[in-house]
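Asker: Sequence:
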Amino acid sequence: MHHADAAGLGSRLGSRLRERRRELGMTLAQVAAAADLSVGYLSSIEKGGSVPSLPVLARLAHALQTSLAEMLRASASSRLARGRLTEALGVKRLAAPGSRMQIVRSGARPNDRGRAPVKLGGTDVFVFVYRGRLEIAVDGNVFELGPGDALHCDLPKTVTWRALGDERTVSVWTAAAAPARGS
0 MHHADAAGLG SRLGSRLRER RRELGMTLAQ VAAAADLSVG YLSSIEKGGS
50 VPSLPVLARL AHALQTSLAE MLRASASSRL ARGRLTEALG VKRLAAPGSR
100 MQIVRSGARP NDRGRAPVKL GGTDVFVFVY RGRLEIAVDG NVFELGPGDA
150 LHCDLPKTVT WRALGDERTV SVWTAAAAPA RGS
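Residue numbers (numbering that gives the first Met the number 0): 0 to 182.
These aren't lab readings, by the way, just hints derived from the structure by calculation. Treat the hints with care, as some may be off.
Cut-off 20 angstroms, straight-line C-alpha distance, at most; resulting in silico cross-link-like pairs (EDC-like, lysine to aspartate or glutamate) [unchecked claim]: (1) Lys156 - Glu143; (2) Lys46 - Glu69; (3) Lys46 - Glu22; (4) Lys118 - Asp165; (5) Lys156 - Asp123; (6) Lys118 - Asp35; (7) Lys156 - Asp35; (8) Lys91 - Asp111; (9) Lys46 - Asp35; (10) Lys156 - Asp138; (11) Lys118 - Asp138; (12) Lys91 - Glu69; (13) Lys46 - Glu86; (14) Lys156 - Glu134.
Ranges between beta-carbon positions, derived for each pair [stated by the list, open to error]: (15) Asn110 - Leu154: 26 to 32 angstroms; (16) Ala149 - Arg114: 45 to 51 angstroms; (17) Ala175 - Asn140: 41 to 47 angstroms.
No experiment lies behind these values; they were computed from the predicted model shown. By construction, the Cβ of each residue, glycine as well, lies at the ideal position given by its N, Cα and C atoms.
All chains should be modelled from the sequences, with the hints used to inform the complete structure.
Answerer: In structure tokens:
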């Protein structure tokens, strides 16, 4: 491997490790302890200054609850999930397996109600109403959405919904990964 290739690999690995650590809300010290590394060495890896051996990378992947393959992938990946929106009741995951995005289809009868079908907590939430009408309460603010309407919620603490009207409601809900904040 040429020096430039090693530097690029180190930079990609370091960025992935740092991103994953921040997603989990872990500190450098927590990950270093879980992987049996010094904080300084882990910091050097995250900054791209050091390229870890495979055994060290495997310990880091385990500490970060991910796979060695995910850490070593060559570039950002795309995942395809095929399907269609149906009027079936309940919640169905639409995101491809392994995706960090939460994307679900939700079908409801008139007057059904519930909480957001995606996990909240440090993430934005997006809702698109495909069919029917929904009343959505975001941190106490109430919105009424009809077919084709969408709502983007910035870091909501609570999101509840109620199906309005006399027909089934079909909506798509998405929660994005939280933005990285500090170390």
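Asker: Against this structure, judge whether each hint is valid.
Answerer: Status of the hints after comparison with the structure:
A threshold of 20 angstroms between alpha carbons decides the hint, and for Lys156 with Glu143 the separation of about 19 angstroms falls inside it, so the pair holds. Taking the CA atoms of Lys46 and Glu69, the gap is near 18 angstroms; set against the 20 angstroms cutoff, the hint holds. This hinted pair checks out: Lys46 and Glu22 have alpha carbons roughly 17 angstroms apart, not beyond 20 angstroms. Simply put, Lys118 and Asp165 have alpha-carbon atoms about 28 angstroms apart, too far for the 20 angstroms limit, and the pair is violated.
With a CA separation close to 10 angstroms, the supplied pair Lys156 and Asp123 stays within the 20 angstroms bound. With a C-alpha separation of about 31 angstroms, the suggested pairing of Lys118 with Asp35 is violated against the 20 angstroms cut-off. Between the alpha carbons of Lys156 and Asp35 the distance comes to roughly 36 angstroms, so the proposed pair goes past 20 angstroms and is violated. With a CA separation close to 16 angstroms, the supplied pair Lys91 and Asp111 stays within the 20 angstroms bound.
Taken as a hint, the Lys46 and Asp35 pair is honoured in the structure, with Cα atoms around 18 angstroms apart against an allowance of 20 angstroms. This hinted pair checks out: Lys156 and Asp138 have alpha carbons roughly 6 angstroms apart, not beyond 20 angstroms. Simply put, Lys118 and Asp138 have alpha-carbon atoms about 15 angstroms apart, close enough for the 20 angstroms limit, and the pair holds. Restraint check for Lys91 and Glu69: not satisfied, since their Cα atoms lie roughly 25 angstroms apart, outside the 20 angstroms limit.
Pair hint Lys46 plus Glu86 does not hold up; C-alpha atoms about 48 angstroms apart against a cutoff of 20 angstroms. Only pairs whose Cα atoms come within 20 angstroms are accepted, and Lys156 paired with Glu134 is accepted, the gap being roughly 17 angstroms. For Asn110 paired with Leu154, a C-beta distance near 29 angstroms keeps the hint of 26 to 32 angstroms intact. At about 19 angstroms, the CB distance of Ala149 to Arg114 disagrees with the hint of 45 to 51 angstroms.
Hint check: Ala175 to Asn140, Cβ distance near 20 angstroms, so the stated range 41 to 47 angstroms is violated.
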